[in-house]
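Required output: the full structure, derived from the provided sequences and hints.
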Amino acid sequence: MNFDRLNQYRIMWVIVYFDLPTETKKDRRAYQDFRKGLQKDGFRMMQYSVYFRHCNSRENSEVHKQRVKNLMPQKGNIIVFEITDAQFGRMEFYQGYTRIREQYVPEQLELF
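Take the position in the sequence shown, starting the count at 1, then add 1397; the result is the number in this note's numbering.
Rather than coming from a laboratory, the hints here were simulated on the basis of the structure.
Check each hint, because a few of them may be wrong.
Quick list of simulated restraints, FRET-style, between CB atoms [what the hints assert, rightly or not]: (1) Thr1421 x Lys1466: 20 to 28 Å; (2) Gln1471 x Gln1436: 19 to 27 Å; (3) Tyr1494 x Lys1423: 37 to 45 Å; (4) Glu1420 x Arg1487: 32 to 40 Å; (5) Tyr1445 x Lys1422: 19 to 27 Å; (6) Glu1459 x Tyr1494: 34 to 42 Å; (7) Thr1421 x Arg1496: 37 to 45 Å.
As a list, the in silico DSS-like pairs of lysine-lysine whose alpha-carbon atoms are at most 30 Å apart [unchecked claim]: (8) Lys1423 x Lys1466; (9) Lys1433 x Lys1422; (10) Lys1472 x Lys1433; (11) Lys1423 x Lys1472; (12) Lys1462 x Lys1472; (13) Lys1437 x Lys1423; (14) Lys1466 x Lys1437; (15) Lys1462 x Lys1437; (16) Lys1462 x Lys1423; (17) Lys1433 x Lys1466; (18) Lys1422 x Lys1462; (19) Lys1423 x Lys1433; (20) Lys1437 x Lys1422; (21) Lys1472 x Lys1422; (22) Lys1466 x Lys1422.
Note that this is a predicted model, so its numbers are computed, not measured.
The beta-carbon is built from N, C-alpha and C at its ideal position, and this holds for glycine as well.
So, in C-alpha cells, the structure goes:
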C-alpha cells in the first residue's frame, strides 16, 4: 500500500471566496446557480461567500478547481486556491474571543 497518498502534504483543500452582485434578478439567479453548483460538487460553506472542499490529491483538487471555473458567472469577483491538509490543520477558528474546535475536518475511515 502506498502510504504517501495519505500524506498530509498531498491531501489538499480547495477554498473558494466570492463576491457576486445581487442587484438584479439575473444577478441573483447567477449567484444562486453558482452556490448550488459549488454545493453539488461537494463544497461546504465555511462562512458566507467562503466555501471549501477536501480533495485526496493535488490532481483531484485541479479537477474541482476547473469545475469552479466552469461555474463562474460573468460578473463578480472569485478567488480559488488550494492549501495542504497540514496548512488547513493549522487554521484557528474563533467565535468572539473563544477559540472553537475545528468543525470542518472530514471523518476518516479506517479499513482493515
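- Query: Do the alpha carbons of Lys1422 and Lys1462 lie within 30 Å of each other, as the hint requires?
  - Reply: 27 Å, holds
- Task: For Glu1420 and Arg1487, compare the CB-CB distance with the range 32 to 40 Å and indicate the outcome.
- Result: 38 Å, holds
- Query: In this structure, is the beta-carbon distance linking Thr1421 and Lys1466 contained in 20 to 28 Å?
  - Reply: Since Thr1421 and Lys1466 have Cβ atoms about 23 Å apart, the given range 20 to 28 Å holds.
- Lys1472 and Lys1422: Cα distance at most 30 Å? Holds: Lys1472 and Lys1422 sit about 13 Å apart, inside 30 Å.
- Decide if the proposed pair is consistent with the structure: Lys1433 and Lys1422, CA atoms, cutoff 30 Å inclusive. Answer holds: Lys1433 to Lys1422 is near 16 Å, not above 30 Å.
- With 19 to 27 Å as the target window, see if Gln1471 and Gln1436 comply at their CB atoms. 21 Å, holds
- Could one say that the CB atoms of Glu1459 and Tyr1494 fall in the range 34 to 42 Å? 38 Å, holds
- Item | Arg1496 and Thr1421 - C-beta distance against the hinted 37 to 45 Å | Given range 37 to 45 Å: holds, Cβ gap about 41 Å.
- Does Lys1466 lie within 30 Å of Lys1433 when you go C-alpha to C-alpha? Roughly 14 Å between the alpha carbons, so the hint for Lys1433 and Lys1466 holds.
- Are the Cα atoms of Lys1462 and Lys1437 separated by 30 Å or less? 14 Å, holds
- Item | Range hint compliance [Cβ, Tyr1445 to Lys1422, 19 to 27 Å] | 21 Å, holds
- Item | 30 Å limit on alpha-carbon distance, applied to hinted pair Lys1437 and Lys1423 | Roughly 21 Å between the alpha carbons, so the hint for Lys1437 and Lys1423 holds.
Checked against the numbered hints above, the structure violates none of them.
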